[in-house]
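A.B. asks: Sequence:
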Amino acid sequence: MFIEHEDEDPLKKYFKYKWKQTEIDNHVVEEIKNAKSVIDVGCGFNQYKRFNKNLVGIDYANNKADWVGDLVYYKTNTKFEVAICYGVLHFYSYDWIRRRLEWVINNTSKNAKILMKVNPNNPRADAPDLVWFDKWNRGLVEHFAEIYDLSISNWREWKTPTDGGFRIKFDYKKIEGK
5 MFIEHEDEDP
15 LKKYFKYKWK
25 QTEIDNHVVE
35 EIKNAKSVID
45 VGCGFNQYKR
55 FNKNLVGIDY
65 ANNKADWVGD
75 LVYYKTNTKF
85 EVAICYGVLH
95 FYSYDWIRRR
105 LEWVINNTSK
115 NAKILMKVNP
125 NNPRADAPDL
135 VWFDKWNRGL
145 VEHFAEIYDL
155 SISNWREWKT
165 PTDGGFRIKF
175 DYKKIEGK
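Numbers 5 to 182, taken from the working numbering, label the letters of the sequence shown in order.
Hint data in this document are derived by calculation from the structure and do not stem from the laboratory.
In this text the structure is predicted, and so the values were computed from the model without any measurement.
It is possible that part of the hints are untrue.
What the hints assert, rightly or not - The calculated BS3-like cross-link candidates involving lysine-lysine, where the alpha carbons are at most 25 Å apart (straight line), are:
id	residue 1	residue 2
1	Lys139	Lys163
2	Lys177	Lys163
3	Lys114	Lys139
4	Lys37	Lys114
5	Lys79	Lys53
6	Lys57	Lys68
7	Lys68	Lys37
8	Lys114	Lys163
9	Lys139	Lys178
10	Lys114	Lys79
11	Lys83	Lys177
12	Lys37	Lys79
13	Lys114	Lys83
14	Lys40	Lys178
15	Lys79	Lys57
16	Lys40	Lys79
17	Lys114	Lys177
18	Lys114	Lys40
19	Lys37	Lys173
20	Lys83	Lys139
21	Lys68	Lys53
Construct the complete structure from the given sequences, taking the supplied hints into account.
C.D. replies: What follows is the structure, encoded as structure tokens:
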């Protein structure tokens, strides 16, 4: 779904040139600070790296990442204990999201936690060219949990301090033995 030339790709242009947010979520810090391996999908400025030296930051556009590109092309032998997916799995389509979520699930350990923040319905005014997936709700969260044998915890609804936009934060955990 990504466009090959970055000057044509609205997602890459937005996150490379306009995105400035460096949110630090205390829940994320607590979850990662003692983890043996962490992947931050859509890490932006890689702001969580300072809390865990074993964190690998992946970002489609930001050069502060440890690896820049589309997650589905990242090769690793590591099974990560924690995955951070904050503000990244709400673009394009259900299939686009599912492919990336599946990558995360396949590259995390048996009892891994997947920390999620999604934008259910609030396209950004400063990004009119981006294709938003606006179907995130409790039902979709439960749908993915059922498909991938995940439990759901720590559900919270949150308003961004920058634009007051509504977001959903929650944790998936891989069910032991799956």
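A.B. asks: Please write out, lowest number first, the hints stated earlier that are contradicted by the structure.
C.D. replies: 3, 8, 20
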